[in-house]
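Asks: Sequence lines, in order, name chains A and B. The opening position of the first sequence corresponds to residue 2 in the numbering used here, with each subsequent residue numbered one higher. The opening position of the second sequence corresponds to residue 19 in the numbering used here, with each subsequent residue numbered one higher.
No wet-lab data here; the hints were simulated from the structure. Among the hints, erroneous ones may be present.
Claimed, not checked - Label-pair ranges, simulated between beta-carbon atoms:
#1 Ala306(B) with Ala102(A): 29 to 35 Å
#2 Ala102(A) with Glu143(B): 41 to 47 Å
#3 Pro174(A) with Glu251(B): 34 to 40 Å
#4 Ala102(A) with Glu194(B): 55 to 61 Å
#5 Gln235(A) with Ile25(B): 26 to 32 Å
#6 Ile25(B) with Glu66(A): 53 to 59 Å
#7 Gln176(A) with Ala306(B): 41 to 47 Å
#8 Arg238(B) with Asn4(A): 54 to 60 Å
#9 Ser139(B) with Asn4(A): 52 to 58 Å
#10 Glu239(A) with Glu143(B): 34 to 40 Å
#11 Lys341(B) with Asn4(A): 21 to 27 Å
#12 Glu251(B) with Glu66(A): 28 to 34 Å
What the hints assert, rightly or not - Among chain B residues calculated to face chain A with C-beta under 10 Å, some are:
#13 Pro43
#14 Lys46
#15 Val69
#16 Ile75
#17 Gly338
Unchecked claim - In silico DSS-like pairs for lysine-lysine, Cα to Cα no more than 27 Å straight-line:
#18 Lys26(A) with Lys118(B)
#19 Lys240(B) with Lys120(B)
#20 Lys9(A) with Lys26(A)
#21 Lys26(A) with Lys283(B)
#22 Lys88(A) with Lys118(B)
#23 Lys257(B) with Lys78(A)
#24 Lys77(A) with Lys242(A)
#25 Lys88(A) with Lys26(A)
#26 Lys240(B) with Lys281(B)
#27 Lys108(B) with Lys118(B)
#28 Lys62(A) with Lys97(A)
#29 Lys130(A) with Lys97(A)
#30 Lys26(A) with Lys337(B)
#31 Lys26(A) with Lys130(A)
#32 Lys332(B) with Lys257(B)
#33 Lys42(B) with Lys62(A)
#34 Lys242(A) with Lys294(A)
#35 Lys283(B) with Lys155(B)
#36 Lys78(A) with Lys281(B)
#37 Lys108(B) with Lys77(A)
#38 Lys221(A) with Lys262(A)
#39 Lys144(A) with Lys78(A)
#40 Lys144(A) with Lys77(A)
Every residue gets a Cβ at the ideal spot worked out from N, C-alpha and C, and that includes glycine.
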Amino acid sequence: MKNILMMKGARTLVDACTRIKEGEKVLIVTDTEKVGIAEVVAAAANERGGEVTMAIMVPRKTDGEEPPHPVAEAMKKYDVIFIPVMKSITHTQAVKNAAAAGARILVMTHFSEETLISGGIDCDFEAQKPICQGVARILEQGKRLHLTTQRGTHLRANIEGRRGNSLYCIVEPGQFSTVPTIEANVSPIEGSAEGVIVADASVPYLGIGVLREPVTLQVKNGMITSIEGGSQAQILAENLKSFGTPNVYNVAEVGIGLNPKSRMIGVMLEDEGVFGSVHIGIGSNLTLGGNLKTACHYDVLMWRGTIEIDGRLILENGQLRI
Amino acid sequence: MEAFREIQMIAGASKLVNDCARVKPGEKVLITTDYEKLSIARSLATAAYEVGAEPIIMIMPPRPAHGVDPPPGVAEAMRVSDVVFQPTAKSIAHTPATHKTKESGGRTIVMAEFTEGMMISGGLEADFELQRPLCEKMCQLLTEAKEARVLQELGTDITMSLEGRKGRALVGLATEPGGYSAPPNIEASIAPVEGTANGTIIVNGSISGIGLLRSPVTIRVKDGNAVSFAGGEEAQRLKQILESSNDPLVYNIGELGIGFNPKAKLQGLMLEDEGSFGSVHIALGSNADFGGKTRASRHIDNIMRGATVILDGKSVLDKGQPKI
């Protein structure tokens, strides 16, 4: 019965986010875990006159694994692609190729039914777009980033020459966006980050979700050198250790949430958008403009960040100052 | 109740996956379906996953008619898959997409108009490998024959030239690269030489698009074409279907086939009916895909029970019993 509640969100996806037109070829790539969500999106796309194909695959074993070859080939032939999946295929060659072929792609990783019913999805994406682009531009032009929070985060990083990414849930041909997060982010120069990250909001991976107690990560030469806190910190620490490769400790991203409707619920694409929250990406940064591809990409989130770029205050205790 | 049907359907799905397509671990198994046949697609995916293959279900809107190519993305996916199952409401068997699948070595199992019932019992219960030699032998006899005559007690008596035409054996198996089959149908068939069929067909089984017949339909044939239709309401419907196609080629006597599946029963479902053991079908319309020269807008099978088939004077099927 949740389908009834999800339809409104699905309409936002086909209208505001992808602007599906009559007769367009629409592909919904999903896995066996997310078919319910895929069906609702298919119904909404069908209603707008799209010719809808749904491809259902077995969930990938890990986030970042390529979809099966037949799905990847199919993805090159569609105008619009929605990807509601359990395991992320965002950072794959298949998505890259589909974008290169001109598709408008919306990524819906770890999506829950709740995400489609209310929260970030209720946002006026068009209205947030210029704000998001503005923050991204400042990041792109910046050199030195300084992040602090009242809970004890203080992190410095070099972002000189790095791309400022703006994700605002609206895609043009050849673009992909996540949804419903609205965020501006940047990937620091590898090896440059120094300081302490105190995540007090969420780690929306590995079943951790909303944090009961803070996770404290020490950072040296761009790498996380220790992870401390309670049992939730331990899950993250053990998982990273299990990859057996130092690059998973790379500080990959500093992102600022800019969706006034998003709530912190332990769902990645919902949490990262929470307005004024800051997330630090760990691991791969290749698709964000960095040079490092490794076994994973996780994010740790904190409430109410304060960010200075080259001494200029742009975010103060979760409030935008631009 | 639906879920319980799926428990039963898994037997048929396993047969299709293990015997008919011989799916191997690690193979990419694409199930192209439309919104009408999802439960069948799901059971196939379950069976494929169970043997360690990588199943992918692609669901498209039903094609507007049989023989319409799937969307380009689905066609691309078909081309790069090891095995393609096609449980669809509208057939995509005779499309460029399926042709390309064959060319690139994919194994195709056509399942147009499949029903949940067909997954549970009937023709799929056959031992396809066991029936193969008989079917292939009949195919060889059809290839070698110059003339075929079909007789039946109700009054069927038709002759046609097979000279120079090659028979085909559809054995329900697609185990070799490029293989193509339509289980549960097992049949040996051939495209008669256009313009040569003369006589009368009295159809007493079923007709594609109409189903099981309540009363026989009499078709008179002259110089390779059906020229008149007589009988009850069903004869009228056949006439209408043919007329509405607006295509003179649909009257062509396009195929002579003999079924070899001992588990298939005449029931108004084409892949069961054509394959039912000892039945004979004479189709109207297209035959370009299997050695004929006619590419019509329709292919309509007329299925008879209890018929006798004589090849160059020698009986190979006697009142539904093979004599080979």
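Asks: Look at each hint and say if it fits the structure.
Replies: These are the hints, each one checked on the structure:
1. A C-beta distance of roughly 34 Å is found between Ala306(B) and Ala102(A), which places it inside the suggested range of 29 to 35 Å.
2. Hint check: Ala102(A) to Glu143(B), Cβ distance near 45 Å, so the stated range 41 to 47 Å holds.
3. Checked against the hint of 34 to 40 Å, the C-beta distance between Pro174(A) and Glu251(B) comes to roughly 54 Å, which is inconsistent with it.
4. Checked against the given bound of 55 to 61 Å, the beta carbons of Ala102(A) and Glu194(B), roughly 33 Å apart, lie outside it.
5. With their beta carbons about 42 Å apart, Gln235(A) and Ile25(B) fall outside the hinted range of 26 to 32 Å.
6. Taken as a hint, the range 53 to 59 Å is violated for the pair Ile25(B) and Glu66(A), whose Cβ atoms sit roughly 31 Å apart.
7. Take Gln176(A) and Ala306(B): their Cβ atoms lie about 45 Å apart, and the range 41 to 47 Å holds.
8. Distance hint for Arg238(B) and Asn4(A): a CB-CB separation of about 55 Å, consistent with the stated range 54 to 60 Å.
9. A hinted range of 52 to 58 Å is violated for the C-beta pair Ser139(B) and Asn4(A), which are about 33 Å apart.
10. In this structure the hint that Glu239(A) and Glu143(B) lie 34 to 40 Å apart at CB is violated, the actual value being about 51 Å.
11. For Lys341(B) paired with Asn4(A), a C-beta distance near 59 Å fails the hint of 21 to 27 Å.
12. A hinted range of 28 to 34 Å for the beta carbons of Glu251(B) and Glu66(A) is inconsistent with their spacing of about 58 Å.
13. Taken as an interface hint, Pro43(B) does not check out: its beta carbon lies about 13 Å from the nearest beta carbon of chain A, beyond 10 Å.
14. With 10 Å as the threshold, the beta carbon of Lys46(B) comes within range of chain A, its nearest partner Cβ sitting at about 6 Å, so the hint holds.
15. Annotation: Val69(B) was flagged as interfacial toward chain A, and the flag is violated, the nearest CB pair being 13 Å apart, outside 10 Å.
16. The interface hint given for Ile75(B) is met, as the beta carbon of that residue sits about 4 Å from the closest beta carbon of chain A, less than 10 Å.
17. Nearest Cβ of chain A to the Cβ of Gly338(B): about 43 Å, over the 10 Å cut. The hint is violated.
18. In summary, the hint linking Lys26(A) to Lys118(B) is supported, as the alpha carbons are separated by about 21 Å, within the 27 Å threshold.
19. For the hint linking Lys240(B) to Lys120(B), the alpha-carbon distance of about 36 Å lies beyond 27 Å, and the restraint is violated.
20. Taking the CA atoms of Lys9(A) and Lys26(A), the gap is about 21 Å. The hint holds against a cut of 27 Å.
21. At most 27 Å may separate the alpha-carbon atoms for a hinted pair to count; Lys26(A) and Lys283(B) exceed this at roughly 40 Å.
22. Taken as a hint, the Lys88(A) and Lys118(B) pair is broken in the structure, with Cα atoms around 31 Å apart against an allowance of 27 Å.
23. Restraint check for Lys257(B) and Lys78(A): the C-alpha separation of about 41 Å exceeds 27 Å, so the hint is violated.
24. With a CA separation close to 36 Å, the supplied pair Lys77(A) and Lys242(A) exceeds the 27 Å bound.
25. A C-alpha spacing of about 24 Å is found between Lys88(A) and Lys26(A), which places the hinted pair at or below 27 Å, so the restraint holds.
26. Distance restraint check for Lys240(B) and Lys281(B): the Cα-Cα separation of roughly 35 Å exceeds the 27 Å cut-off, and the hinted pair is therefore not satisfied.
27. A C-alpha spacing of about 19 Å is found between Lys108(B) and Lys118(B), which places the hinted pair at or below 27 Å, so the restraint holds.
28. A C-alpha spacing of about 20 Å is found between Lys62(A) and Lys97(A), which places the hinted pair at or below 27 Å, so the restraint holds.
29. A distance of roughly 23 Å separates the Cα atoms of Lys130(A) and Lys97(A); the hinted pair therefore holds under the 27 Å criterion.
30. Between the alpha carbons of Lys26(A) and Lys337(B) the distance comes to roughly 52 Å, so the proposed pair goes past 27 Å and is violated.
31. At most 27 Å may separate the alpha-carbon atoms for a hinted pair to count; Lys26(A) and Lys130(A) meet this at roughly 26 Å.
32. At most 27 Å may separate the alpha-carbon atoms for a hinted pair to count; Lys332(B) and Lys257(B) exceed this at roughly 33 Å.
33. A threshold of 27 Å between alpha carbons decides the hint, and for Lys42(B) with Lys62(A) the separation of about 20 Å falls inside it, so the pair holds.
34. With a C-alpha separation of about 17 Å, the suggested pair Lys242(A) and Lys294(A) falls inside the 27 Å cut-off, and the hint holds.
35. For the proposed pair Lys283(B) and Lys155(B), the alpha carbon gap of about 22 Å is at most 27 Å, so the pair holds.
36. For the suggested pair Lys78(A) and Lys281(B), the alpha carbons sit about 42 Å apart, so the restraint of at most 27 Å is broken.
37. Restraint check for Lys108(B) and Lys77(A): satisfied, since their Cα atoms lie roughly 25 Å apart, inside the 27 Å limit.
38. Between Lys221(A) and Lys262(A) the CA atoms are separated by roughly 35 Å; this puts the pair beyond 27 Å, and the hint is violated.
39. For the hint linking Lys144(A) to Lys78(A), the alpha-carbon distance of about 40 Å lies beyond 27 Å, and the restraint is violated.
40. Distance check on the hinted pair: Lys144(A) and Lys77(A) sit about 37 Å apart at the alpha-carbon level, beyond 27 Å; violated.
Hints 3, 4, 5, 6, 9, 10, 11, 12, 13, 15, 17, 19, 21, 22, 23, 24, 26, 30, 32, 36, 38, 39 and 40 from the earlier list are contradicted by this structure; the remaining hints agree with it.
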